[in-house]
Each structure stands twice: as structure tokens, then as C-alpha cells.
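A.B. asks: Here are the chains, one letter per residue:
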Amino acid sequence: MSSSVAGLSVTVEFGGGAELLFDKKKRHELNLPGDEWTLKRLLFWLRDNLLTERPELFMQGDTVRPGILILVNDADWELLSTSTKVGHVHRLTGELDSEVKAWGFSREDEIGSVSPQY
Amino acid sequence: MPVSCSTKCGRDAILKRPKTGDTLCKDCFFLAFETEIHDTIVNGKLFKPGNKVAIGASGGKDSTVLAYVLKTLNERHKYGLDLFLLSIDEGITGYRDDSLKTVAQNRDDYGIPLKILSYKELYGWTMDSIVTEIGRKNNCTFCGVFRRQALDRGAAILGVDCIVTGHNADDIAETVLMNVLRGDIARLQRCTSVITAGADSIMRCKPLKYAYEKEIVMYAYFKHLVYFSTECVYAPNAYRGHARAFLKDLEKIRPSSIIDIIHSGEQLQVKDSIKMPERRNCTRCGFVSSQEICKACVLLEGLNRGLPKLGIGKSNKAKKIMDLDKRNEQQQSIDF
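Residue numbers (the working numbering), protein chains in the order written: chain A, 1 to 118; chain B, 1001 to 1336.
If we strip away everything but chain B, and leave its shape as in the complex, we get (with noise of 0.2 Å):
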């Protein structure tokens, strides 16, 4: 017996929504899931007419279903953005050359232009060189960190407003979950919101903060949209695959947990007296850091020196490191 649509609208079901229950045919469960991704950016005030938009694009779902709703809602909804697609190329064979592949259809696909830029050109490093060099132990580590820089610096080159990402409620839930689990008090505050900006740096939405990742998957099947799936070649992190499991045996039993966690993760207070890291800029590239000299900065200083293991760790021991050789070259330049 077929189940019939929750909005009586006379057609058949075709899937069970798991955040509300509702069974949904094929056209209602495409209104809504788009509505919902529009309250999420009308409400969260993400855009502004005329904003110069990037799409993180990765090939994957996630950034294949963003990139196709946000084109579909910027034409229903003249929101009056540019869009642009922006991948970076971290150079893992077998995987992100195939997976970049896919970025290329969509630029076809939905008529948006496509920047790659990749980790050899703004570092000088592939992620297969990095492997080669420090292992498959902590390259994650290098990836993340490369990533995110490169993300910021391929959007200051298109001069874009706005990097959105393609986060899905279930990477959220996740993310707060693994900041408790860590105690990481700052990233836990930090990490449900819908916009994430610094003094001077570019502005992070995520418009599919809300959506699940069940319905992402769902969407861009019914659409035909086409994404690459494959897993990381390289080691993946162990302890976030264990958030994950737990968070999906959670989901089974309850659907709407992973909406609870985020709620619960946007209404937490943090107290005054928690130490929050100061924004600031690095010393040696002048992109965003925490530090006084960044995260990338110190990773590849450990490669070009051959210490790969410099960054990963207590990160004073690496600034110490580095002072002493600040001091040994303005002791050298004494001598001169």
C-alpha cells in the first residue's frame, strides 16, 4: 500500500522526513527542503543583493546540492547574487583529481564559473609529497589547515563577500559533539553559528546548517545531480568516525537528535571567565590566526626544513623553535 503525501496534496509519498515524520511525494519534499534552506538565509541575514558569492565546492553531495539550491533560489527568489565555484586541488591522486572532475560538471551543469586553486601552487606541497614525507599519521592535520587558508586566500582572489560551505545538520551536531568531547569551550560557542566571521576576514555561511543529511543525499538523487563519492585515500580521523557512529545510532532511535544537539550547542553560554582565543593576523602571511604566527605557517616551515613534525603538537614548543632562530638571525645580522 503506498502511503500518501502528509500535505494531501493526492500523491504518493516517496520518503519520511526524519526531522518531522512527515511522508513527502516528490514535488512537496523539493518545496520544502528549498523553503527551509531559504528561511535558514533569509533569517540568518547571510546575503545581501549584489554580494559576490563562493561556493566551497568539493564534488561531493554536500557542495553539489548547495550549489544547485542556491542557484534554483537566487533565480525564484532574486536574491541578486554572484556565484562562483571555488575547489581546492590538495593533490591526492585517485581521489580529488576524479572528484574535481565532477566540480567541472557542475560548472557545466548550472552555468557557474570555477576557480581551482591548489595546495602546490600557494604552498609549493601536494598532500601526496606531504604523505611521502611525514606519513599517514597526523596528515590530516596538514590537510585541514592547508584547506582552510586555501579557502580564504582563493576567495580574496575572486573578491568575493562570502565563502558558504556545505555543512549539513548531521556535520554540525557532530562538531559540537566532538567539542565537548574535547572540552574545546571556544569552538563549541563558535561552531552552530550560521555566519562565522573575524575583524578582517571573509565572511562563512552555512545555508544547509538545518538540513539533513538523509534529505541531502534524498535531493540529490530525485534531482539527478551529479557528485563523486568516494573516501579519502589517506587515514581517516578515527575519533570523529566515532562521534559520527554514535551520533547516527542516536538518529535511528530518535531523528530528531541531531536538530536537539544543534539547539542545544546554540543555546549554551559561555562564561565570561572561559579564556577565548584573540583574533589577530599572522606575523608572516597576514591571513587569520590565533597565534602570533599561524597554523599553516608553522606546518610548512616544518616541511621546508625537513622537522614535518614542527606544527603538530604543543604549539609553544614550535614558537620556541622559531624565536631561537629569529634571534640567531638578527645575531647573525649583528655580526655583519
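Just chain A, same shape as in the assembly (with noise of 0.2 Å):
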């Protein structure tokens, strides 16, 4: 049954201005090559492959920059680690195997808050 040409095929969303980085992108289905696909090597892969500017905003040493959320399968990854494989459960069904999504959060200045005047 196992195939040989293993690949990993993910939903990869940004929200909440993380699209600004993507060329204003939001959702991108990939198909990425090979088999060992972490968090971590996702990050990466995004930010050298899909980013198209600003990846001091993105990324901060081998993590995302604080301040931008990350959810595999709806659900906040710092309920995971980031060695955590994506995509792992339904590869024999041939449907979507994860979604992963970056919101990030822009500083929109809120009303109010601009700097001296509390």
C-alpha cells in the first residue's frame, strides 16, 4: 500500500496581518517533498520558500516571532512541541493531512493607546 513518493501535503493559512509577509496571500496548499516535515521544518521551508519580505517579522531565532500565534488542526501548538510532525494521521486517506495557520497581529495602534497619552 505504502506509496514510494512519500510527501506531505499541507494547508498553510495566515491571518490576522501574518499575510502581509506572504504577499498578501492567505491560504496556500503545498505539497512538500519527503517525510520527516516538524513544526520547525515547516517554519523554515516557509519562511525561505513562501515569505516574501520582512522575515524579521516572521521569525526569531528557530521559532516564530512572539506575537504570532500558530495552530496546527485548529488547536494552539504550544499544546504541542515543535518537534511534533505535521500531517501525520490520515495519510492513507489521501485527504487534507493538517492545516497549519500562523495569525499573526499587527500593531494596530488602538484607539487610545498611542504612546504619552494614557
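Honestly, I wouldn't trust all of these hints.
What the hints assert, rightly or not - With beta-carbon atoms standing in for the labels, derived distance ranges:
id: 1; chain 1: A; residue 1: 48; chain 2: B; residue 2: 1124; range: 46 to 54 Å
id: 2; chain 1: A; residue 1: 61; chain 2: B; residue 2: 1021; range: 17 to 25 Å
id: 3; chain 1: A; residue 1: 11; chain 2: B; residue 2: 1195; range: 43 to 51 Å
id: 4; chain 1: B; residue 1: 1183; chain 2: A; residue 2: 52; range: 38 to 46 Å
id: 5; chain 1: A; residue 1: 45; chain 2: B; residue 2: 1039; range: 41 to 49 Å
id: 6; chain 1: A; residue 1: 29; chain 2: B; residue 2: 1263; range: 42 to 50 Å
id: 7; chain 1: B; residue 1: 1307; chain 2: A; residue 2: 52; range: 36 to 44 Å
id: 8; chain 1: B; residue 1: 1042; chain 2: A; residue 2: 41; range: 43 to 51 Å
id: 9; chain 1: B; residue 1: 1027; chain 2: A; residue 2: 11; range: 22 to 30 Å
id: 10; chain 1: B; residue 1: 1120; chain 2: A; residue 2: 24; range: 24 to 32 Å
id: 11; chain 1: B; residue 1: 1241; chain 2: A; residue 2: 48; range: 36 to 44 Å
Simulated from the structure, these hints should not be mistaken for lab results.
Just so you know, these numbers come straight off a predicted model, no measurement behind them.
Yeah, the Cβ is synthetic: ideal placement off N, Cα and C, and Gly gets one too.
Both chains are sitting in their own frames, so use the hints and assemble them into the complex.
C.D. replies: Now the structure itself:
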């Protein structure tokens, strides 16, 4: 049954301002070659292949910049570890394996919060 | 392996709360988040039944979540509040024009009436035209000063008892740090209060004071709330940016640091010998000011006279120039 062309299909969605770093495109359907896709590896791949501007606003060190939330299959990734493998469950059904979302919040200056005016 | 909800409700957790480390499912998270805001409102005695309340609405995540939660709590706990959305149009093309569409969407979705006031109608200038005049340095000073007063004016027009703003725990911790870094002791004392009010100025409250930014974003996300996120097209405040980045780094190592910094700010006692600015009313426009003439009037005067830097920097200098004018005017009137 196991096909030799292993790969990972994953839907990546950017929102909350994070899409601005990715050519303003929110949804990306990806087919990644190979098998061993951890969240950490995926983040680097996104930075090196999909990101179009200001990489420093996406990553810091080997993880996302504080202020960007990652959801894996609609759950906070802080419940997982960065070495968690992406897309493991439904490999045989051929359905979309995993959905990874990066939700940023760019600094939309809230009403009244402009610096010295508290 | 899915992590289960800390409340033992049997469902799978969808997030880890930064404040407590609890893992919660969607429903338990919604309830915890809303209940904490309800507690802030009740413990801080923010409202009385029958109050008219203006929500300072920018279309961003914080004010959108605030509007939604206030509407929900108002119905659930029968606060008896009359809610309004109050938005300020600074006149920034490509930024505020888009975010105001989001606010209009909130108005329709939540059935809360909306009032928009523009810098143009209040001051005769848009931020775009101010930036043309002054350049991209210091423009945030104008925007901040004008916005603060614009909210007061809007609230006066609506006849509300109180303005609520979407300041969250991260914002407040950041401001505590900023005030420490600047040595601004008067603001350091004030900035953590859940209610701020002058003698005759309209009360302002911050119901999201203890809500973490992460949870606000998660709440908006799981509730599918429509909000707008784009950075302002004009230069951001670099100094605040550093404080913010520092805070986020601290939060990563120790998530409770945000609430801890707020706690420190709340417990600080300022010595009696520290000189506090007195609250008075601007002799020109009558709105609250710490000076004889408020900052908004000084800045506006500078713009209208082609001296846009008038209100930037030391206020004494601007006062001298404006006093000199007053004397000249008086002399002229004697001459006539």
C-alpha cells in the first residue's frame, strides 16, 4: 500500500496580518517532498520559500516571532512541541492531512493607546 | 495525542492559557475569558444600570473583541447598558478608510449604533495633510493628541457616561515599562487604573485590562469575529516598539510576567513630594488639559500658522510664542 512517493500535503493559512508577509495571500495548499516534516522544519521552509518580505517579522531564532500564534488543526501549537510531526493521521485516506495556520497581530495602534497619552 | 481540557469536561483542549498555564477546550475558554472580563467590570464598578457607554472602536482586534464581549455580557448579566460604537477617522488613506469598513460591519453584526468623527471636521486637517506639512517624524504626536481629544468630543456629542477602550494586559504592561523608562512618575501611577476620570472629563475604562493579547486573538479567531489588521502607514513609535519586543521576549520565558508587571504598577506608591500635574481646562477649547492651553490647541495653532513644530518638544517655548502674540494683540487693541 505504501507509495514510494512519500510527501506531505498541508494547507497553510496566514491571517491576522501575518499574510502581509506572504504576498498578501492567505491560503496556500502545499505538497512538500519527503516525510520528516516537523513544525520547526515547516516554519523554516515557509520562511525560505513562501515569505516575500521582512523575514524578521516572521521568525526570531528558530521559532516564530513572539506575537504570531500558530494553530495546528485548529489548536494552539503551544499544546504541542515544535518537534511534532505535521500531517500524520490521514496519510492513507489521501485527504488533507493537516492544516497549519499562522495568526499574527500586527500592531494596529488601538484607539487611545498612542504612546504618551495614557 | 490530543491534550484534554483542564476542567475535566472531557473535551480536547484548543489552547494553553498564558496567564495560568491551563489547557482549555473552546467552550471552557470562551467562558473563562468572558467571566474574567465580567469580574473586571464588577470588581472595578465600571458601570451602573442605565449607563450610556461608548466603545472606542478602531476596527482592530481589541476593540472588536471588546464590543462583542460587552454586548454578550450586557445581555447575559443584564447590565442595562446602552452601547455605542465611537470611531475616529484620522484621515489616513489606505489605513483608516479600510478599518472603518470593519467598524461598520461590527455595527451591523452586533446591532450597536455607530458614530464616526473625523479630524477633518474637528480640526480642519486630516493626518495625510498633517504629514504633508510636517513629514514623517513626530506625526504620531499629532495623531495621539488629537485622537484622545476627539474621543472626548465624540463622547460629549453622544452624551455617554463612559468611554471604554480596548487596552489589553500587554498594552498596560508595556505602558508601565515605558513610563518607568521615561521617568514619567505621574503617568506611571495612573496608567494601571481600570478607570481614569478627571473632575469634569468623561470617565474612561479598560475592561480588557487583564486580558492577554494572545487570548484576545484566539477569542476573535475561534468566534470568527471580523477585525482589521494592518499597520498604520506612517512611522511606528520606535521606542515603544523596543519595550514591546522586550515584553514579548519576557513573556516567552515566563508568561505571567505581563500580569506581574501590571501588579507591580498597581502597587507602586508615589511619594507625596512628587509633583503631579494639576488637571484644568484649556482656556481656548475648554477640554481637559494639564496646561493653560491644551496640547491639541497648541499643535493646531502651529499647523494653521505654518509653524507645525510649535507644539513638539518643550511646552514653555510654545507658551512664550503664544503669550507674545497675546500681548501684541492686546497692544493693538489699545492702539485702536
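A.B. asks: Hint by hint, say whether it matches the structure.
C.D. replies: Verification of the supplied hints:
1. The supplied range of 46 to 54 Å is met by residue 48/A and residue 1124/B, whose beta-carbon atoms lie about 50 Å from each other.
2. Restraint check, residue 61/A to residue 1021/B: a C-beta distance of roughly 23 Å satisfies the suggested window 17 to 25 Å.
3. Distance hint for residue 11/A and residue 1195/B: a CB-CB separation of about 45 Å, consistent with the stated range 43 to 51 Å.
4. In this structure the supplied range 38 to 46 Å holds for residue 1183/B paired with residue 52/A, their Cβ-Cβ distance being about 41 Å.
5. A hinted range of 41 to 49 Å holds for the C-beta pair residue 45/A and residue 1039/B, which are about 43 Å apart.
6. Checked against the hint of 42 to 50 Å, the C-beta distance between residue 29/A and residue 1263/B comes to roughly 46 Å, which is consistent with it.
7. At about 42 Å, the CB distance of residue 1307/B to residue 52/A agrees with the hint of 36 to 44 Å.
8. Taken as a hint, the range 43 to 51 Å holds for the pair residue 1042/B and residue 41/A, whose Cβ atoms sit roughly 47 Å apart.
9. Restraint check, residue 1027/B to residue 11/A: a C-beta distance of roughly 25 Å satisfies the suggested window 22 to 30 Å.
10. Restraint check, residue 1120/B to residue 24/A: a C-beta distance of roughly 29 Å satisfies the suggested window 24 to 32 Å.
11. Judged by the Cβ atoms, the range 36 to 44 Å given for residue 1241/B and residue 48/A is violated: they are separated by roughly 26 Å.
Of the numbered hints listed earlier, the single one contradicted by the structure is hint 11.
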